[in-house]
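Visitor: The listed protein sequences derive, respectively, from chains A and B. Position 153 of the first sequence, counted from 1, bears residue number 151 in our numbering, the numbering being contiguous throughout. Position 106 of the second sequence, counted from 1, bears residue number 104 in our numbering, the numbering being contiguous throughout.
In short, the hints are calculated from the structure, not lab data. Just so we're clear, the structure is a prediction, and the values are computed from it rather than from any experiment. Some clues are possibly wrong.
What the hints assert, rightly or not - Within a straight-line C-alpha distance of at most 27 Å, the following computed DSS-like cross-link-like pairs (lysine-lysine) qualify: (1) A/K41 / A/K187; (2) B/K39 / B/K101; (3) B/K176 / B/K101; (4) B/K101 / B/K41; (5) B/K176 / B/K187; (6) A/K187 / B/K176; (7) B/K176 / B/K39; (8) A/K176 / B/K176; (9) B/K4 / B/K77; (10) A/K187 / B/K101; (11) B/K187 / A/K41; (12) B/K187 / A/K176; (13) A/K187 / A/K176; (14) B/K187 / B/K41; (15) B/K187 / A/K101; (16) A/K187 / B/K41; (17) A/K4 / A/K101; (18) A/K176 / A/K41; (19) B/K41 / B/K176; (20) A/K101 / A/K39; (21) A/K187 / A/K78; (22) A/K101 / A/K41; (23) B/K187 / A/K187; (24) A/K176 / A/K39.
As the list claims (entries may be wrong) - If we take Cβ atoms under 10 Å as the criterion, some of the chain A residues that face chain B in the derived model are: (25) A109; (26) L118; (27) V166; (28) T168; (29) L174; (30) E175; (31) F179; (32) N182; (33) Y188; (34) A192.
Every residue gets a Cβ at the ideal spot worked out from N, C-alpha and C, and that includes glycine.
Protein chains: 2
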Amino acid sequence: MAATVKALAVSITAQVLALAGTVMVLVWCIHFRGGLAWEAKNKALIFNIHPVLMLIGFIILGGEAIMSYKALTLKKETKKLIHLILHGIALILGIIGIYTAFKYHNESNIANLYSLHSWLGLGTIIVYALQWIYGFLVFFYPGGAQGLRAESLSWHVIVGIFVYLLAVATAALGFLEKLTFLENGGLAKYGSEAFLVNFTAIVTVLYGVFVILTTISQPSAQVEDQYSYSAI
Amino acid sequence: MAATVKALAVSITAQVLALAGTVMVLVWCIHFRGGLAWEAKNKALIFNIHPVLMLIGFIILGGEAIMSYKALTLKKETKKLIHLILHGIALILGIIGIYTAFKYHNESNIANLYSLHSWLGLGTIIVYALQWIYGFLVFFYPGGAQGLRAESLSWHVIVGIFVYLLAVATAALGFLEKLTFLENGGLAKYGSEAFLVNFTAIVTVLYGVFVILTTISQPSAQVEDQYSYSAI
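For reference, chain A alone in the conformation it holds in the complex (with noise of 0.2 Å):
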């Protein structure tokens, strides 16, 4: 169903979201909560690192991968290379986002795990990383058989769509229970930094939504061969 949007005019939208929740994010963890460090005493400025990691490496880069695919006009061939890297660039700093979480909390001893944040986290990084090999094995190199590739497109990019939203649902978990902690812990309920939160993951969510909406829209350039995301 392509409906009756240009994928263009509304990944346009979906810039304008990433480089807003690319700010918000920033001043979060910078101005609000003493800024970024992989090693330090304090060892909040280590958790800081995964919020910026996982919004701007994860999702805004996988969504940029996403999008990559179905507005830009340019080759296929170039725009598959541009999808395939972008999603490997973004999965590499989604586990290395994840990674951070766990480095905190085994620095802090804080119990690792048990909260449906970190189960649907871990699952997403899962099942994409998955996603990402499979893909490379039967779309780039060696290749799977036509019928194999054909086969296969349809799941591509359900499994795509449906990770993807999953990652994003993970941010908004993770937003609110970071925000949740910090408020039990006295901060104002309707402070400018819980205004600050709760707006970055409005933003967060409306980006995800856009970047979705930019599959189901018309391509750019209409590619006629099975193989285009004009399968949806």
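We have chain A already, so just place chain B on it with the hints.
Guide: Showing chain B alone in chain A's frame:
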């Protein structure tokens, strides 16, 4: 894009998840949290109505409403009536469920509308209600002109899917928020109640996935006219 899976088979999996979610939320709110009450000295019993109505009434019935249009093998007019009535009941139960959260807050002197869960939840129910009213007027009574109906159909499906996914994400946020409050109050992070709540959230997310998979799978009875869901 009609994926090569049958809507009926997908929706049966969804029914199993719906049953599991129903049992789990009832066990949580009645066995672990002490039961449900409209008026009570123990205000927590008023809150308990909220997750029960939001999951069984809003999310599950809303999901049935979505799937009924695609998975049932009935005449289009009958399916449309079922779709409309189920969504209407889901909306009413959702509104009552949200009211109980405010009632609990007000009677317990807890602040309203400061959390991401509450913001997204309120946004969801408002868009859901507007979508229902628009659908009623354009597709049911008095019914829009042919051009308007055709124009509106894609957007009815797209907005419907997005608002449903937002409802599921909001439910996950609610489970996480409530459990975080309980854990801050001393509930064991790896205890049986914590696992039950997290698994109820996961069953809810999986139910949402299967509801949406139903909408993109092959219809049970292929309806060829332009008002069927097969547009997707």
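Visitor: Which of the stated hints cannot be reconciled with the structure, identified by number in ascending sequence?
Guide: 17 and 21
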